[in-house]
Structures are given as C-alpha cells and as structure tokens.
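Using the sequences and the hints given, assemble the complete structure.
Given next are the chains, with one letter for each unit.
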Amino acid sequence: MAETQAPVQRPLSPHLQIYRLTLSMLMSGLHRITGLALCAGMVVLAWWLLAAATGQNAYGTFEGFATSWIGRLILFGFSWSLLHHLLGGLRYLIWDLGYGMEPAEREWLVRANIIGSILLTVLLWVILWVSGMR
Amino acid sequence: MTMRTPLRRVLGLGSAKTGTEEFWLQRMTAIAAIPLTLAGLVLVISLTGRSYPAVRQILASPLIAVLMILFVLATTVHMKIGVQIVIEDYVYDKTQKFTLLMLNVFFAWAIGLACVFAILKISFGV
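One line per chain: the protein sequences are A and B, in this order.
Per this note's numbering, the first sequence runs over residues 1 to 134.
Per this note's numbering, the second sequence runs over residues 1001 to 1126.
Calculated from the structure, these hints are not laboratory results.
A couple of the hints might just be wrong.
As the list claims (entries may be wrong) - Computed footprint of chain A on chain B; a stretch qualifies when at least three of its residues, placed anywhere within it, have a C-beta under 8 Å from a C-beta of chain A:
{"#": "1", "stretch": "1030-1036"}
{"#": "2", "stretch": "1051-1064"}
{"#": "3", "stretch": "1081-1090"}
{"#": "4", "stretch": "1111-1123"}
The C-beta atom is built at its ideal place from N, Cα and C for all residues, glycine as well.
Written as structure tokens, this is what we have:
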C-alpha cells in the first residue's frame, strides 16, 4: 500500500498510454474485470443458497429471476466471467511457473483464453438446455 | 523543504519482512477453486430443471454440501484478496482506500457466512 505523494517533481516512468495496446494487456484488464463481476456473481450464489434454505416461496422468487430473460442474460454473463477468469487463472499459473513466456506462446495463451472461455460458455449453456432448463 | 529524496528516507529501514502471504494464499485458493468450480458446474447442470424438494435433497447430501462449503471458502478468500489488490492499485485517497478495504472485508465475510450457513441449514434440514 505505497503512497503516491512525491515531495519533489520527478520524471514519471512511461505508463499504459505510451505503449501500443496488446491483446495480453487487454486480457490482464479483463481478468480483473471478470473477477470483479464475479463478486456480484457471489451475491447471486448467496441468494440462491439462502432461498433454497428459506423455503418454497423464496426459492420460487429466485427461480422467477433465474428463468426470466434478463436473469438468464445475467447468469450467462456470470458463467462466461467464471470460465474466463478460471482459464485466465490457469494462464497466470503457467506464467508463474515460468513457462509460456516466449512471444508466440504468450499470444497463443491469451487467444486460447478468450476463445476457450467463449466456447466453454456456449457448451455449458447447450448442456444446460439439453438437461432440461426451464 | 528537505533536500532528501524519498528513496533516502527509506534506505536502511529494511524490508517490510512480510507481504508474500497473500500472494501465496491467492494462488492456493485459485488452485483449490479449479476442481471445486468444475464440481460446482456439474452440480448446477444436474440441478437444472429440478423441483424445489429435489434441489434441497441433492444440496443436503453430505458430499455435495462439503464440496459446496469448500468452494465458498476458497472463492470468498480469493475474492477478498483480489478485490483488495484492485483497491490498493487504483484508489489513492487514504480515506477512500481504507473505507473500501474495510467494506471489502465485510462483504467477503457476509457472502461467505451467508452461503455456508445456508448450506448447513439445508443439510441439517431444519
């Protein structure tokens, strides 16, 4: 938690706006954004569990939300955020271990992250639909 | 006005000695959350379209309840650290920063406790 108050005016190191935007930079931001979105996802999870623990009526209210088009859209967004954050986390674990740092490998990993998360989300909802989504 | 630079004022004071616990905990909870999330997705798929009594009965089974509690614990700890890092990175004002850091802790505890309590209540069937 470093403070940023410098008593003397000094030249600043170049920041984001200096560099050409790359996909991995964008994906770093997206990892944080999906993580923050999942905080709201946790609220929905808590609502679902509390509703199930409370009773039939409370669960019916949740079901009403979850099966409405806006509810579905929100849950679809959360499922993509979850899968994207999960794959992104795997990517960071690979990098933490020191693998996949070459330019071509980096590009491959960020592309696999975004394409994989979209494909897996669609796959998940196809499975949900097949397994009797109401 | 002092001629000393910020660097001079901290030199010799030594490192903070701590600081890697959260880095490590964030990775541990991330790794734990991978299989738990996959289990959670399988659970959601299997619960889809089922009636309320059936959902309660499935959530009440010990194995599923334990997996769900582990999922909630891993993700809420991971969430608390993750949001804390975002606040520390982007909020510069001291009052705002500490307010948000505190609210973040309250939020993580509230969500974690609510989920765990609900799972236990369903499991014990009262």
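To see whether the hints hold, each was checked on the structure:
1. Against chain A, the stretch 1030-1036 of chain B contributes 4 residues with a C-beta closer than 8 Å to a partner C-beta. That satisfies the three-residue criterion, and the hint holds.
2. For the stretch 1051-1064 of chain B, the assignment as covered by chain A holds, since 4 residues bring a beta-carbon within under 8 Å of that chain's beta-carbons and 3 suffice.
3. For the stretch 1081-1090 of chain B, the stated coverage by chain A holds: 4 residues have a C-beta nearer than 8 Å to a C-beta of that chain, and at least 3 were required.
4. Coverage of the stretch 1111-1123 of chain B by chain A holds [criterion: at least 3 residues with CB-CB distance below 8 Å; count 8].
Checked against the numbered hints given earlier, the structure satisfies every one of them.
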